[in-house]
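Number of protein chains: 2
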Amino acid sequence: MKKAYLIAAGMLEDVDFLESVLRKKEENELLVSVDAGLFVLHRLGIKPNIVLGDFDSVEAEMLRIYEQDPDVLVERHPPEKDASDLELALALCVKTGYRQIYIFGALGARMDHSLSNIYLCCHYIKKGISLYLLDMYNKIYVLKEGRSLYRKEQFGTYVSFYPMQGVVEDFSISGVKYPLSGVRLDKYEQPSFTLSNEILEEKADISFSSGILLVVESRDRRL
Amino acid sequence: MKKAYLIAAGMLEDVDFLESVLRKKEENELLVSVDAGLFVLHRLGIKPNIVLGDFDSVEAEMLRIYEQDPDVLVERHPPEKDASDLELALALCVKTGYRQIYIFGALGARMDHSLSNIYLCCHYIKKGISLYLLDMYNKIYVLKEGRSLYRKEQFGTYVSFYPMQGVVEDFSISGVKYPLSGVRLDKYEQPSFTLSNEILEEKADISFSSGILLVVESRDRRL
Numbered sequence: 001m002k003k004a005y006l007i008a009a010g011m012l013e014d015v016d017f018l019e020s021v022l023r024k025k026e027e028n029e030l031l032v033s034v035d036a037g038l039f040v041l042h043r044l045g046i047k048p049n050i051v052l053g054d055f056d057s058v059e060a061e062m063l064r065i066y067e068q069d070p071d072v073l074v075e076r077h078p079p080e081k082d083a084s085d086l087e088l089a090l091a092l093c094v095k096t097g098y099r100q101i102y103i104f105g106a107l108g109a110r111m112d113h114s115l116s117n118i119y120l121c122c123h124y125i126k127k128g129i130s131l132y133l134l135d136m137y138n139k140i141y142v143l144k145e146g147r148s149l150y151r152k153e154q155f156g157t158y159v160s161f162y163p164m165q166g167v168v169e170d171f172s173i174s175g176v177k178y179p180l181s182g183v184r185l186d187k188y189e190q191p192s193f194t195l196s197n198e199i200l201e202e203k204a205d206i207s208f209s210s211g212i213l214l215v216v217e218s219r220d221r222r223l
Numbered sequence: 001m002k003k004a005y006l007i008a009a010g011m012l013e014d015v016d017f018l019e020s021v022l023r024k025k026e027e028n029e030l031l032v033s034v035d036a037g038l039f040v041l042h043r044l045g046i047k048p049n050i051v052l053g054d055f056d057s058v059e060a061e062m063l064r065i066y067e068q069d070p071d072v073l074v075e076r077h078p079p080e081k082d083a084s085d086l087e088l089a090l091a092l093c094v095k096t097g098y099r100q101i102y103i104f105g106a107l108g109a110r111m112d113h114s115l116s117n118i119y120l121c122c123h124y125i126k127k128g129i130s131l132y133l134l135d136m137y138n139k140i141y142v143l144k145e146g147r148s149l150y151r152k153e154q155f156g157t158y159v160s161f162y163p164m165q166g167v168v169e170d171f172s173i174s175g176v177k178y179p180l181s182g183v184r185l186d187k188y189e190q191p192s193f194t195l196s197n198e199i200l201e202e203k204a205d206i207s208f209s210s211g212i213l214l215v216v217e218s219r220d221r222r223l
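Protein sequences appear in the order of chains A and B. Numbered per my numbering, the first sequence spans residues 1 to 223. Numbered per my numbering, the second sequence spans residues 1 to 223.
Hints were generated in silico from the structure; no laboratory data involved. No false leads were slipped in.
List of simulated lysine-lysine pairs, PhoX-like, C-alpha gap at most 20 Å:
hint : chain 1 : residue 1 : chain 2 : residue 2
1    : A       : K81       : B       : K177
2    : A       : K203      : A       : K152
3    : A       : K152      : A       : K24
4    : A       : K177      : B       : K81
5    : A       : K95       : A       : K2
6    : B       : K3        : B       : K139
According to the in silico footprint, chain A covers these stretches of chain B (three or more CB under 8 Å from chain A):
hint : stretch
7    : 102–111
8    : 179–193
Here the structure is a predicted model, which is why all the values come from computation and not from measurement. Cβ coordinates follow ideal geometry from the N, Cα and C atoms, glycine included.
Working from the sequences, and respecting the hints, build out all of it.
Put into structure tokens, the structure is as follows:
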């Protein structure tokens with residue numbers, strides 16, 4: 001499955017983390033800068049395939065470098081529009097055949113932006129598109145059916161689960177510190193019930209019979 | 001309505017912001033430190049009424065100061081328990097008659113903790129208790145019926161809305177940059193539909209006929 005990487009304009013303090021991921025990106029994977037996300041890539045000297053945005057906060061001079069580069073597609077959108085630049089970038093990835101999309105800069109200081117982007121994951125999974133929201137402390141995605149999470153592929157220390165769009169029924173998880181079998185997840189009734197689990201064995205097997213499951217793999221902040 | 005302030009152990013970089021709020025706290029309002037939240041209050045020299053936690057990350061020496069203070073109630077809980085220290089602190093506030101609870105340190109680097117705390121707001125509003133989650137960039141709370149938001153009381157620049165526990169029907173808002181009348185809010189269908197509105201007039205009137213509405217008042221991060 002071909003991967004695409006979107007670099008959005010949210011809080012991107014963790015440039016080292018972004019760089020470590022992008023240096024492992026393969027040749028046939030797509031890299032898209034979304035609006036001011038271009039700054040970060042420019043600073044890292046990593047060339048995107050597509051540069052998209054309304055560019056109201058991007059210097060004309062920097063933008064010109066990419067407009068003159070025959071390898072780069074520049075997509076300019078008007079500032080006032082119904083969809084966000086990130087949504088337009090996602091639509092472009094989907095149209096060009098990408099089904100696994102890793103998004104940096106989608107989790108930031110403003111919780112309203114972070115929440116909208118989490119709900120975007122739920123919206124896209126129904127079309128068969130998996131979005132992964134990444135920052136230094138979190139890897140966030142949704143599942144519409146059970147799967148195994150492998151410890152060696154895990155991001156961070158903890159794994160937490162939340163039912164989205166109603167409840168998740170018959171949730172089971174094994175191979176973890178707090179195994180569960182056939183429980184109903186209702187985040188409003190028990191807001192921290194499936195918070196901070198830890199994968200102890202080679203893999204954790206997850207199953208559930210209905211609903212959409214939000215997965216947050218996370219690590220603590222070093223103080 | 002008597003207010004309580006809970007200082008939890010999440011990311012509390014914005015100590016200046018916390019201090020500015022607590023210096024305005026009135027005498028009859030309650031201040032509770034939740035576990036390592038005590039560090040921050042201790043550093044600020046602001047004495048809590050109640051010190052609660054399992055204290056596994058609090059120095060015994062610091063804790064002793066509060067244990068020996070006749071004005072401070074110290075509540076120690078075992079580290080392994082069903083509810084989080086924050087939930088235990090909330091239960092204590094509610095039992096002692098507080099219905100408006102301001103929580104600092106509940107929004108942090110780990111999105112799983114932030115999400116659980118947002119769902120906690122939804123859980124408590126059903127009991128008639130309003131929780132406000134605060135950090136430098138966000139003030140988050142839920143409503144179960146319409147009200148007016150006054151521009152002079154607003155936190156930050158933007159106000160965003162999300163339906164919780166299903167959809168919100170007949171949502172209307174006036175006095176803002178993007179007014180709406182009688183629309184259905186479905187965050188999974190339109191994840192950024194009610195993101196980043198701005199109050200333009202003296203007040204914004206909000207109404208809706210069903211559901212629970214999450215409100216995020218926010219400001220951009222200064223870069």
